[in-house]
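**Student:** Sequence:
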Amino acid sequence: MPYDSRYDDPRYDGTTNMNNSHRTDYALNGEPEGLEAQRYPVSPHTLAPQDSTAKPPMDGIMNQGYESESTLPTDGRHSYQTNEKRRSETEGQVGNLFDQGGKNYRTVGRWMSGIILITNQVGIGILSLPAALQTLGLVPGIIAIIGLGLLSTYTAYVLLQFYRKHPHVVNVPDMARIVGGPILEAIVGIGLFINLIFTGASISVTVSVALNSMSEHALCTAGFSGIACIAFWLLCLPRKFSFVAKVGIPSTISILASVLIVMISLGVSGPSNAEEANPNIDIVIVGSPSFRDGLTTCLNICYAYAGNAGFVSYMAEMQNPSKDFVPALIILQGFSIPLYVVVAIVIYTLSGQYTRSPSLGSAPILPAKIAYGIVLPCLLATGMVFGHTAIKYLYVVIMKKIHATDEITSRTRKSWGVWIGCATFYWVGSFIMANAIPVFDSILSISSSTLIAWFTFGISGVFWFHLNWHRLFANWKKIALTIVNALIILQALFMNTAGTWAAIVGLVDIFNDPEYAIERPFTCADNSIF
1 MPYDSRYDDP
11 RYDGTTNMNN
21 SHRTDYALNG
31 EPEGLEAQRY
41 PVSPHTLAPQ
51 DSTAKPPMDG
61 IMNQGYESES
71 TLPTDGRHSY
81 QTNEKRRSET
91 EGQVGNLFDQ
101 GGKNYRTVGR
111 WMSGIILITN
121 QVGIGILSLP
131 AALQTLGLVP
141 GIIAIIGLGL
151 LSTYTAYVLL
161 QFYRKHPHVV
171 NVPDMARIVG
181 GPILEAIVGI
191 GLFINLIFTG
201 ASISVTVSVA
211 LNSMSEHALC
221 TAGFSGIACI
231 AFWLLCLPRK
241 FSFVAKVGIP
251 STISILASVL
261 IVMISLGVSG
271 PSNAEEANPN
281 IDIVIVGSPS
291 FRDGLTTCLN
301 ICYAYAGNAG
311 FVSYMAEMQN
321 PSKDFVPALI
331 ILQGFSIPLY
341 VVVAIVIYTL
351 SGQYTRSPSL
361 GSAPILPAKI
371 AYGIVLPCLL
381 ATGMVFGHTA
391 IKYLYVVIMK
401 KIHATDEITS
411 RTRKSWGVWI
421 GCATFYWVGS
431 FIMANAIPVF
441 DSILSISSST
451 LIAWFTFGIS
461 GVFWFHLNWH
471 RLFANWKKIA
481 LTIVNALIIL
491 QALFMNTAGT
501 WAAIVGLVDI
511 FNDPEYAIER
521 PFTCADNSIF
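Here the UniProt record's numbering is used: position 328 in the sequence shown is 328, and no number is missing along the way.
None of these hints come from the bench; they were simulated from the model.
Warning: the hint list may mix true and false statements.
Unchecked claim - Lysine-lysine pairs mimicking DSBU-like chemistry, simulated, CA-CA at most 35 angstroms apart:
#: 1; residue 1: Lys323; residue 2: Lys477
#: 2; residue 1: Lys165; residue 2: Lys240
#: 3; residue 1: Lys400; residue 2: Lys323
#: 4; residue 1: Lys323; residue 2: Lys246
#: 5; residue 1: Lys401; residue 2: Lys414
#: 6; residue 1: Lys165; residue 2: Lys414
#: 7; residue 1: Lys165; residue 2: Lys369
#: 8; residue 1: Lys400; residue 2: Lys414
#: 9; residue 1: Lys369; residue 2: Lys240
#: 10; residue 1: Lys414; residue 2: Lys246
#: 11; residue 1: Lys477; residue 2: Lys414
#: 12; residue 1: Lys477; residue 2: Lys165
#: 13; residue 1: Lys246; residue 2: Lys401
#: 14; residue 1: Lys240; residue 2: Lys478
#: 15; residue 1: Lys165; residue 2: Lys246
#: 16; residue 1: Lys478; residue 2: Lys165
#: 17; residue 1: Lys401; residue 2: Lys477
#: 18; residue 1: Lys401; residue 2: Lys240
#: 19; residue 1: Lys478; residue 2: Lys323
#: 20; residue 1: Lys323; residue 2: Lys401
#: 21; residue 1: Lys240; residue 2: Lys477
#: 22; residue 1: Lys165; residue 2: Lys323
#: 23; residue 1: Lys400; residue 2: Lys240
#: 24; residue 1: Lys246; residue 2: Lys400
The whole structure should be built from the sequences, with the hints applied where relevant.
**Tutor:** This is the structure we're talking about:
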């Protein structure tokens, strides 16, 4: 069904109203009443003009706190199914920006969605997890990996609940607009874009570490970061998320093969930085880190679950997100959480006190170089999927501003010009950030503390309160969920404040450490793991 263009008008509040001003405004613009009806066609449901008992749009009803069809007010224009199950069965038919214009972008099915989510999440975050066990201890580290994984699964499901109520949204800032209007939309939009800039920079830093390690620092580190960003820019030129699924399987095989090489080499030869051939490996069951080290480590674990920021964008290009997103999410977390735990345990127990971050550096030099070469496809795919999310958000914003939403899925000069411009802007920004913070652990922890804490956890709690504001204490289940979501928001606030302090202090210490090669931003110094 076509996208309802009323959603592009800032005066439209999700109901049949236009703040009582649209008739006058369009009349002043010289548009007759008939053209006004063409400008604002039916909402994404069935129009029933002859039914005097029909109901207003569901988005407006939910915002007013009505819970059953028997209590809905009527305006004599629309008829809606209010049963949650019946609405979700037709969810895939609800229009948004990506099924209008020249080409339908909503082509992603259930299995393809699962592959995209895995490509989105399973990447560089896994490389910091063995070192997390070294800092926290084996048992607390495993609990943190599993616990944060389950929590990110719940917060992802909350995003789906919100999407079901407002299926016209195409990204998280669209959701924020429903909650807090244009101001909150702008704040969340800027935060989302900066978050994705950090992520692109993190991946660029990881590629520079890999290339430095394989080539024994054959080129300036900033040069390797530049090469990585150019490659990512080229990969982000295709405009559909379905393209990501085509590289998802090679990406997954890439990361699995690389960590397998590291684990086998550690079992055969031991860690690379051990002082003797067969060193005694010390395994800490329960660690005693400082407050700053423990918090920074937890932030690095959060980074392994940073994919939630892009989930709404993927829903917008799914054929039937209400039906298919939950199975795709189960595929993702059923694959990623056990993988994270196994890789972290095996590499840490084989490396012990010699564990490095990124973990590929724990292996002997030759296997580590091979592992870095094999992991490059995964790094490229991860950069592509996060870059694509950021570029598409900026692209949609600009196309709305220039009143070209009908060209969003078309292959016109204007749409391609805007897309390429957005891609260039994003990867130039990522290159600058990568060289400002050229340290793997530091850029992960700073990114997690400033923004990922909100986009993976906190903002879902805010959305849950918006959906359930009128029934927070309706029954014991709602009371429990109210407490859980309040704690999620508090967790995000804590990570955002104390975590940012811990990450920045850690980065300053690295710059001031005479034994560390990286002394300043925009450096040519070797950041390899050897």
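**Student:** The structure should be examined with respect to each hint, and the outcome stated for every one.
**Tutor:** Results for each hint:
1. Lys323 with Lys477: 24 angstroms, holds
2. Lys165 with Lys240: 25 angstroms, holds
3. Lys400 with Lys323: Holds: Lys400 and Lys323 sit about 29 angstroms apart, inside 35 angstroms.
4. Lys323 with Lys246: 22 angstroms, holds
5. Lys401 with Lys414: Holds. Lys401 to Lys414 sits at ~13 angstroms (cutoff 35 angstroms).
6. Lys165 with Lys414: The hint holds at about 33 angstroms.
7. Lys165 with Lys369: 49 angstroms, violated
8. Lys400 with Lys414: Satisfied, since the Cα-Cα distance of roughly 13 angstroms is no more than 35 angstroms.
9. Lys369 with Lys240: 33 angstroms, holds
10. Lys414 with Lys246: 27 angstroms, holds
11. Lys477 with Lys414: Violated. Lys477 to Lys414 sits at ~51 angstroms, over the 35 angstroms cutoff.
12. Lys477 with Lys165: With Cα atoms ~20 angstroms apart, Lys477 and Lys165 stay inside 35 angstroms; holds.
13. Lys246 with Lys401: Given that 35 angstroms is the threshold and the Cα spacing comes to 32 angstroms, the pair holds.
14. Lys240 with Lys478: Given pair Lys240, Lys478 is violated - Cα atoms ~38 angstroms apart, limit 35 angstroms.
15. Lys165 with Lys246: Holds: Lys165 and Lys246 sit about 31 angstroms apart, inside 35 angstroms.
16. Lys478 with Lys165: 18 angstroms, holds
17. Lys401 with Lys477: 43 angstroms, violated
18. Lys401 with Lys240: Satisfied, since the Cα-Cα distance of roughly 21 angstroms is no more than 35 angstroms.
19. Lys478 with Lys323: 24 angstroms, holds
20. Lys323 with Lys401: 32 angstroms, holds
21. Lys240 with Lys477: Status violated; Cα separation ~40 angstroms.
22. Lys165 with Lys323: Holds: Lys165 and Lys323 sit about 14 angstroms apart, inside 35 angstroms.
23. Lys400 with Lys240: 18 angstroms, holds
24. Lys246 with Lys400: The hint holds at about 29 angstroms.
Taken one by one, the earlier hints fail for this structure at numbers 7, 11, 14, 17 and 21, listed in ascending order.
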